[in-house]
Structure formats: C-alpha cells, structure tokens
Amino acid sequence: MSTMTSPRPGHPADAATSTDLAIDIQDLHKRFGATRALDGLTLAVPTGQVHGLLGPNGAGKSTTIRVLLGLLKADSGRIRLLGGDPWAQAPELHRRLAYVPGDVSLWPNLTGGEAIDLLGRARGGLDRARRDELLDRFELDPRKKGRSYSKGNRQKVALVAALASDVELLVLDEPTSGLDPLMERVFTDYIRAERTSGRTVLLSSHILSEVETLCDHVSIIRAGRVVESGTLTQLRHLTRTQVTVDLAVPVPAQLTTLPGVHDAQVEGHRLTCQVDDTALSAVLARFAEIGIRSLVSTPPTLEELFLRHYEPEEAAS
Amino acid sequence: MTTTAREGHDGGGAHEARGPRTPRSLRTGPGIRSADGTHHTHRAPRAASTTTGATQHARLAARTSRWFWLVWILALASLMPATLSAYRTTVPEGPQGEAMAAALGVNTTMRAMLGPPYDLLDPGGFAMWRVGTFVAAAAAMMAALGVLRATRADEEVGRTELLRAGPIGRHAPLAGALLVAFGACALLGAIIAVSLAALAPPVGSALAAGLGIALTGAVWAAVGAVAAQLSESTRTCRGVALGSLAAAYLLRALADGVPDSSALSALQWVSPVEWAALARPYADERWWVLALPALLTAALVALAFRLESVRDHGSGLRAARPGPAHGSARLASAGGLVARLTRGSVIAWSVGLVTFSVVIGSLAGTIDTMLGDNPQLSAMFRRMGSGAPELEEAFVVAMLEIVAVLAAIFALSLLLRLRGEEEAGRTELMLSTATSRTRYALAHLVPALMLPTVLLLACGALVSLPSVLAGGDAGTIATCAGSALVLSPGVWVVVGFAMLVLGLRPRLLWLPWALVAWTLFVAWVGGLLRLPDALMKATPFAQLPHVPAEAFAWGPVLLLTALAALLLGAGLAGFRRRDIG
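Which chain is which? The protein sequence lines are A and B, in order. Heads up, the first sequence is in numbering that gives the first Met the number 0, so the first residue is 0 and it goes up one at a time. Heads up, the second sequence is in numbering that gives the first Met the number 0, so the first residue is 0 and it goes up one at a time.
In short, the hints are calculated from the structure, not lab data. Some hints could be false.
[Claimed, not checked] If the Cβ cut is set under 10 Å, some of the chain B residues that face chain A in the computed set are:
| hint | residue |
| --- | --- |
| 1 | Arg317 |
| 2 | Ala319 |
| 3 | Ala328 |
| 4 | Ala333 |
| 5 | Gly424 |
| 6 | Arg577 |
Every residue, glycine too, gets a C-beta built ideally from N, C-alpha and C.
Kindly produce the complete structure, drawing on both the sequences and the hints.
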C-alpha cells in the first residue's frame, strides 16, 4: 500500500484516510438500460475491517462488487480498490484479492479440486497445506465433477479456492447462501481468523444474523445507495427501542401520540410501541407518572433496522 | 399436471383455457381456483401410470424446441426435391446418361459415401441414392439430438426435477420427448413422401422413401432415449448416440465399398442407416425391410424405459467416476483451461476433417472417368472449382473450399466458447483472478486462429495423398497444401467478425453463424443453382485466389489478412471495454 499515489486535491477523504482504505467508493452510478442499478453509492472500507453489505435482492450489492472487480464499468464516480483503479489495473489488483460469487458456476467436467487449483494458480498461487485443511474442514470431496456438486458444494469450492490464497482482501457475495448451519459455522470461524490476521473482508448478505455475528461495520444498501453505515452499536443508537409496558390504569389515548412514540398498539392496560432512542427518557418518565406494573424493553435487532429502511419503500410501491 | 389440465377445462376456470398462452405446467393449480367459489371435491386420480403426463411433456418439449425441429425438418425435407429438380442436368437422357450412371454405380468411393445404387436411371432412384441415405442419417442425428435435449440436458441442469415432483409418471419426460421426436420424423417423412410423389411418381415408391427415412430417424430417437439413461453428462450421452450413428454409417460405407461378391457386403444388413436404402424405393420395393427399423425402435424404447426404471434421477447407469483431486500443472491459466475444455472437440474435428479430406482425395482420381463424358456436370464442377480447365483440379479446388468452410465452423465453435463461459458466469470467476481480459480473450482466440489453419494445411496435403500414393507427382502435396493454406485468411476473417460481434454486440452472435452457413451453402450448391455472381462472391473465401485454378496473388491474401486483423483488434478492444456477464 506504500505505492499509493499522492492524494488528489478535491477529495476530502484522501488526505486523511485513503491509504488506510481497502475500498473507497465515492458517488458511484451505474445504469443498465433504463434501470438505475447504482445511484450515488458511497462506501469506505478501512484495511482490516470486516464490512457487511446488507440489502435485499436487487438493491445493488452484487453490482457494487462487480464494479469493484472491474467486471462492470462505472458510469460515473470514483472507485479505489487497494489503492488502485479496479477498471484499469484489474489483473494486478486481483492478485491481492479473492472473490466468491453469489451463484458459483463451475466447469461441468472439471473436478472441484481442479477448479480450486486453477483459480488459485490463476490468482498467483495457493497454499497447498491450507487447501487440504480447508477441504477437510468443509468436508468437500475434490474428486467430484463440477456438474455433480450441489449449490452449497459449488460454493465451498469457490470458498476453498479463495481462503487458500494468501490475499489482502476477500470479496464474498452472499457466501453462505447454500451452506448448511454446520458449514456456516466453519465459515464463521474462518472469517474470524481472517479478521484476527488483519485481512479485509467485504461480505454482502441478506442474512442478518450472519452480518451481526461477523461484521465490525455494516452498510445498508437500498435502491443503489448506502442509506446507513456504521458499527452495529452506532446503528442501533440511531434507532428505536421496542417497549411493552403494563400500566396501572387503562392506557390513556394521549400516550400513543407522544413525540417519539411509533407503531403504538393498545390492549387494555398494555401498550406496545417503538420509541426513538432520543425520546426514551421523556416517554419512560410519563409511564412512571401513570404507574408501571411491568416493563419490557428490547434493543432493536438488525432485522428491525433493516425493515425500517425497507418498509417505506414497500408502502410506496 | 394432468389434474391441472383437467381442472382448466371443466371446472369454473374454463375461461383459463382460452387465456394467455401460459404453458400448462405453469398455470395456477386448483387451490387458487377454489378461492373464487368453485370448489372441487377431490376426485380419484385416473389410473396413474409411469407415463402419466407424457402428452403435457410432449407439448412442453415441442414448445421449447420448436426452432430446433423446424430448422432441421425444413432443411432435410428440401434435399430430396432439390436433387430431383437437378436430375436432368446431372444425368442426361440417352446413352450418355446411361454410361454415366453405370460409371457412378460402380465407383467404390461414391458407393461407400452414398450407399448402394439400385436404379440410377429413374429420377427417384437416383435421388434416393444421391441423398436418401444421407437424409436418413441426418434425420437420425436430428432425432437423437432432439430426444437428448428434452431429456438428459434438462435433467442435468435440474429442470426435470421440478417437473418430476409434480403429479407425473416416472417416464413422462422421456415418453414426451419420444412422442415429439417420432412426430417430427413422421412429419419429415410425410413431407418427403408428398414432394417425391409429386416430382417422381409412383406414389408407392415415394411412400417407401419417406417411410424409410422417417423410420431411420425413429431408430435414433430411441437410441437417444437409451443413451440419455447411460451417463449424467449430456455431452457423454450425445457422444454415445452420435458415435453409434457414425459407427453405423462407417459400417455401411465399408459394406457398400467392397465388391458385391465379398462376404463383408452382407454387413449392410447390420447397419440401421442402410435399411431405408435396402427397402429399395423406386427399384422394386422390399416393404418387409421397413419392419426392421420399426422392431428395433420398439425394442430400444422398451430398453430405455427399463433403464430409466433402474437408475436414480439425475444420475446415469453407472456412478460417476471420481476425477483427479488436483489440477495438472498445465491447468494454471486461462490458456490451460481452454486447452483442457476444448480437447475433445479438437480431436473430433480433426478426425472428421482428416477423414473427409482422404475421401475427397480418393474421389479426385476417379472424377475424370465418372464425369468426363457429362458436359453439364463437368461444367458445374468447373464453376464450383473457379473455372479450372482440368476436371480433377476443379474438383479439388471446389472441395478445398468446403474444407475451408468447415474449418471456419470449427474456428467459430472454439471462439464462441468465450460467450458460453460468460453466460454461464464462469468468465466472471476467471476474471476475478489475475487474468486480464486480453489474456482471457486471447486464450480462446489463439487456438481458434491456429488450430483450423494447421488443420487446413494438413487437409490440403491429405487431399493430394491418394494420387501421390498411386504414383503421382510428389510435388502435388505441396501444391495442394498451399492451395488450402491460401484460404486461411477467409477463416481468420470469420473469426475476426465473430470477435467483433463478441466484443461489441454479443447478442448478435447469430450473424457469424449466418455468414458461415451462407458460405457453406454457396460452396456446396452454389455452382449447381447458378446463383447470381454477386451472391456467390459474398463469402469470405470468394476473393481469395483458388490455387491452382487461379494464379496465386498476394493482394487479396494480404487484404483479407489485414481485414481479419482489423476486426480482431476492434473486437478485442470492445471486449476490454464492455461489461462482463
């Protein structure tokens, strides 16, 4: 990374952080005909971070990754990958990264072992011992032909090829979508080890629990742009807490319209609602005035975060 | 699926049947329909058999492969009438024609290539000999490929699994595919019979010819059905089916090539592609021979059903053998990958073209005795052979052009793997490694340019080999190899054009195919049909000097090479710039 070119003026991120950024995307646009796939996407992944790219199908996760790999040409925007230009310098940069596509397609008459060796060598070599260890841990038979592997096993082939290469960055597009829970666990262990050894990981997913367990940092993508980005704690902080309270008296109507209270549901003495974190003290104080019999509050799960960002879109459509 | 179809016709959803043309298999089931008030009591299913749903499958197979069948049937149906219409220009009336027919009939190579001549003086008999066995073999190829694409090919990619989960019998997809293939063969046979009856009566003979061809197709539809059971790989199944066809054709070539007195000539009865000819249409029909393909078809269909009953869905008869756990040292780059993936087709094409060249070469020596007395036919060959005065020379020149077109098809098939890999998503995988787009494209381009060129050179040399072995001038080898090599810029232009389309508008990839199809058509029958000069010249080979009929000239060779380089460069530049996937 010492070969990084001098920071360009006009890009504020450059001066301070760009040498530390494995991935730096500014205002990326990409259209396919009339479809706007990426619409001003901005994403920064510092070196050594495990970054989760969260979003439903069609939000632009795979398009972002494929632009990063130089497979698609950006319409506009600035993209730096490991300090280089992913479009112009793809082969050199690809020596330093490994990619697992969301839908792995293998050569029907090449065995899994052959595909792993081919991909590893074409990337610049792979660690034989680590390859064997990975095959063992993922319980993958490398002597079967590509056509006879299931979706999960095809994914394992790509994962073994990626993890057995000594690279700085792993780009994983929904890597566990075909794996069973046991194998998901093996995968999780490996990604944790990668993080400890300082590798950068960009992981796209729509499986929230996976992102929650693995990622330091999450970016939520919607309709081609990042709508929220931060650590899980930060994201939670910006959001609402689920509150269920049993009051001493039937719930007064004005409680449901307090500022910061959302989605209130009243059932006799019981009020279930979501409260903005910033309004939590004020709301709880009102409950206390009325008299609380019991109170349950739950921090928002990632799922709720996620739904909150997507529900307005569904309501609109 | 039967249930769905029935519900569509009688229940409250009768309007559905006239709705948009959704394939039946995709329509909403009865569960939805009962929501709008028409409740169906659950009826006892019709006696379920292992072929329940076969007709629905036949409809699906016909729908998804309609272009496949249409193109094949039309192309094959046109050959017999086309030959008939050219009959009088080939075999003139009177003693001259009789002499020629006699010469053709005893020519060993012609007999081996085309089949046993029975009555060449009857237009129908001549057409049957000239193209009848060939059409029968091509119909067999059509039927086998058609059955495989509706059975094993769908099963391999997992489409059949979804359908088999529905209320259909175990053999429904196979039975459906066979129904379509038999129907296609019957249609082809009917068109041929009707067109022959009109152009070359009597009706009975026309019917025998059409029936013989249809039944040969049916035999290989059944062979395809058996082959589909053998391996989990469509490629392997296809290899088995087409390999058996090639073996049957070679067997009959051998049997027809030896003198009638030889014991080997009885082998013609062993080859099912020969049966249509052995029924002797237009030459005192032996109808009972047609029972042979019918019986064989029935036996093979029974065998295929039996085999399908004893194997698991998705697998072949034998469990797939495990392959190597490690890639060989050469499998380390895009180039190594392409070499590995194309190995089989390179061998097959080489064997095919080399055999073709040797056959052409052995025919060349006899062409003078066969056609020398026939001014029309000689004139036709001279037209095809760029006006060479010597008939043998004209023949060689004409055939070398055909070899060159076949080499161009080979080149195209090598290059277009680039698109196949991209569509399958594997290009993405390779380009995510340190492989650059240029290297990846060149890994496909270099063999597509080199191998056909080398093969063309070898074929040129082989064409001259029989005459040299028979004591001819050894210098002919160099001349013929040179004549073939001179045509290679035409192959490069085809490759360049395909690369251009691939780099700029990959959706238009049918264009290079259309170009080679046209070129093949012109090379094969252009001289026969007396096409306008402008059309004859609209091929990549037309501008090149056809040595030795024409003098060698650097101009067109360099010009076409430069054009090819230009197209390749532009195509590569486009491929480097466009989105992948």
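Results for each hint:
1. Arg317: violated, 13 Å
2. Ala319: holds, 6 Å
3. Ala328: For Ala328 of chain B, the interface hint holds, since the closest Cβ of chain A sits about 9 Å away, which is under 10 Å.
4. Ala333: holds, 7 Å
5. Gly424: holds, 4 Å
6. Arg577: Where the cut-off is 10 Å and the nearest Cβ of chain A is about 8 Å from Arg577 of chain B, the hint holds.
In this structure, the one hint that does not hold is number 1.
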